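Chemist: With the sequences and hints as input, model every part of the structure.
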Amino acid sequence: MKTLSHIQIIFLSIALLLFIASSSTYSNQTNLDYIKTSCNLTHYKTLCYISLSPYALTIDSNPQRLAVTALNLTLSSAKSAAKFIKNIPQGRSGLTRFEAGAVADCVEEIGDSVSELQDSIRELDSINYEDSSKFEMVMSDVKTWVSAALTDDDTCMDGFGEDGRAKAVVKDLVRRHVVKVGRMTSNALAIINMYASTHEK
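Taking this note's numbering, I'd label the letters of the sequence shown as residues 1023 to 1223.
Among these hints, one or two may not hold up.
If you anchor each label on the Cβ, the simulated ranges turn out as follows [stated by the list, open to error]: (1) SER1083 to MET1159: 35 to 41 Å; (2) ASN1094 to ASN1062: 18 to 24 Å; (3) MET1159 to LYS1189: 43 to 49 Å; (4) VAL1201 to THR1059: 35 to 41 Å; (5) PHE1157 to VAL1201: 28 to 34 Å; (6) GLN1086 to ASP1176: 24 to 30 Å.
Here are the computed lysine to aspartate or glutamate pairs in the DMTMM-like style, where the Cα-Cα straight-line distance is at most 25 Å [claimed, not checked]: (7) LYS1108 to ASP1194; (8) LYS1067 to ASP1176; (9) LYS1202 to GLU1130.
In short, the hints are calculated from the structure, not lab data.
These numbers were taken from a predicted model, which means no experiment stands behind them.
Don't be surprised by glycine CBs; every beta carbon is placed ideally from N, CA and C.
Modeler: Here's what the structure looks like:
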């Protein structure tokens, strides 16, 4: 039996590596296309794709993983925003009593949003596909919680008012972080609605 030469072995090894690399690239592109298609159903498409595309391989074109990943990214953004906003009084001695109160109220609203997002993630992780009634109940709860989180994000800015009592620089600083959380929450809700629709009878 004729054995392969050293050069033939090297050639076959290179060919195999190229095939694996090509397959991996094709698979990742498929996953990226899935994310892009899903993000087209959201209000903030660019933000959706930019935030989710790094997790394409993990999501692997799976609607549950897409929903959970969107929620986890939103949760992380909400936590970061709450931490930043909470530290504004310590970092800016010029805050008035009214502004400090508005900041505290905003942090509380974002904190409620964080709790609701955590509840949503916990429910999605324990979802039972075989029990359709249980699935529908879980998805109803999750949509309610994420909708409430979105309302909390909007309410955060209400405390600053429109009457000029809060300096524009303070409002803009808070708004910059809250708006991103609100948009990510909105996108997550759209993805959750899409996920729920895949199991509708």
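Chemist: Now, for every hint given, state plainly whether the structure supports it.
Modeler: So, going through the hints one by one against the coordinates:
no.	hint	result
1	SER1083 to MET1159: 35 to 41 Å	26 Å, violated
2	ASN1094 to ASN1062: 18 to 24 Å	21 Å, holds
3	MET1159 to LYS1189: 43 to 49 Å	46 Å, holds
4	VAL1201 to THR1059: 35 to 41 Å	25 Å, violated
5	PHE1157 to VAL1201: 28 to 34 Å	33 Å, holds
6	GLN1086 to ASP1176: 24 to 30 Å	27 Å, holds
7	LYS1108 to ASP1194	15 Å, holds
8	LYS1067 to ASP1176	20 Å, holds
9	LYS1202 to GLU1130	17 Å, holds
Violated hints, listed in ascending order, are 1, 4; each of the other numbered hints is respected by the structure.
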